[in-house]
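The working numbering applies: residue 1 is where the sequence shown begins, and numbers increase by one.
These aren't lab readings, by the way, just hints derived from the structure by calculation. Among the hints, a few may not be true.
[Said to hold, decoys possible] Derived pair list, reagent style DSBU-like, types lysine-lysine, alpha-carbon separation capped at 35 angstroms: (1) K56 with K163; (2) K100 with K163; (3) K100 with K56; (4) K145 with K56; (5) K163 with K145.
Please read all numbers here as calculations on a predicted model, not as lab measurements.
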Amino acid sequence: MFIAPGFEQRSVVTDLGAIAYAAPQPEFWPPTAHPDQTLLFLHGFGGGSSSYEWSKVYPAFASDYRVLAPDLIGWGQSDHPERRYQISDYETTIVQLLQKLAPQGAIVIASALTAAMMVRVAVQQPDLVTGLILVTPAGLSDFGKDFSAGWLPQILRIPLLDKALYQSAIATSAGISGFLSNRQFANADLITGEMVAAYLASATQPNAEYAALSFVRGDLCFDLAEWLPQLTVPTVVFWGRAAQFTDVELGERLVALNPGAIRQFEIIENVGLTPQLEQPSLTISLIQRSLRQLMTTPGTVTSAH
Numbered sequence: 001m002f003i004a005p006g007f008e009q010r011s012v013v014t015d016l017g018a019i020a021y022a023a024p025q026p027e028f029w030p031p032t033a034h035p036d037q038t039l040l041f042l043h044g045f046g047g048g049s050s051s052y053e054w055s056k057v058y059p060a061f062a063s064d065y066r067v068l069a070p071d072l073i074g075w076g077q078s079d080h081p082e083r084r085y086q087i088s089d090y091e092t093t094i095v096q097l098l099q100k101l102a103p104q105g106a107i108v109i110a111s112a113l114t115a116a117m118m119v120r121v122a123v124q125q126p127d128l129v130t131g132l133i134l135v136t137p138a139g140l141s142d143f144g145k146d147f148s149a150g151w152l153p154q155i156l157r158i159p160l161l162d163k164a165l166y167q168s169a170i171a172t173s174a175g176i177s178g179f180l181s182n183r184q185f186a187n188a189d190l191i192t193g194e195m196v197a198a199y200l201a202s203a204t205q206p207n208a209e210y211a212a213l214s215f216v217r218g219d220l221c222f223d224l225a226e227w228l229p230q231l232t233v234p235t236v237v238f239w240g241r242a243a244q245f246t247d248v249e250l251g252e253r254l255v256a257l258n259p260g261a262i263r264q265f266e267i268i269e270n271v272g273l274t275p276q277l278e279q280p281s282l283t284i285s286l287i288q289r290s291l292r293q294l295m296t297t298p299g300t301v302t303s304a305h
């Protein structure tokens, strides 16, 4: 598990297995200014995803908040059950994670499809979520789009071929580099060897293909537009201007469904799907501002450079 300095790996057991998470080392950090306020950082899905995705960001908040950054079930150092993962698997394990680690509620900072899933969790369990900061939240089948109808999801429904393609095209250094440059980054020059190594380490864990293939096949996709109008938890949304497959226009359509709960829609210029890796300093500043924004009245669309 690639963990930021001053943090250590811990684990908590859920119905689907143990979830590993990064937490501050008590001897390294002084008492926080807000010890009862938990910030939970959740990574998105893709070949080799893990809590590493947030490791350049979450240390900036450890002096003021209780910070936790898990590897979701089937990813990173968490357990990898052999199963065809469904949305309910992640909803259940995230709820159990919150119940065990932050029963008083947490502000959740989440990315991509996981961010969309957090809308569902917040709708169903609003007592566990005190605020949301969502980076490019999309269900990938939004407004009636059928993600699973694409050529790649169809190919990956063929038994044996799916695992062969995962091993040869996804869980390799070249595959990871291509995924980061083509899907996650606007500027591929900012991809480092450490990033590729962290993603590759997650992608090559035993049984890592089960969760990854469930994602790529579209088993975890849904229409976020059906859930957003039900959201009552105060929320801020970030959207990378250069995010692939989920353009800004989609974000604008989604946030327009609930101007009451969504306090701010922040368009981040010159970044792709993961500003937390591509521009971590800027992302830290935006989160700091958003934590204050969650306590104020609704705002407007802005752009960050």
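Taking the hints in turn, this is what the structure says about them:
1. Distance check on the hinted pair: K56 and K163 sit about 31 angstroms apart at the alpha-carbon level, within 35 angstroms; holds.
2. Straight-line distance between C-alpha atoms of K100 and K163 comes to about 34 angstroms, which keeps the hinted pair within the 35 angstroms bound.
3. The suggested pairing of K100 with K56 holds, with an alpha-carbon distance near 25 angstroms, which does not exceed 35 angstroms.
4. The straight-line distance between the Cα atoms of K145 and K56 is roughly 33 angstroms, inside the 35 angstroms bound, and the hint therefore holds.
5. For a cut-off of 35 angstroms, the pair hint linking K163 to K145 stands: about 26 angstroms separates their Cα positions.
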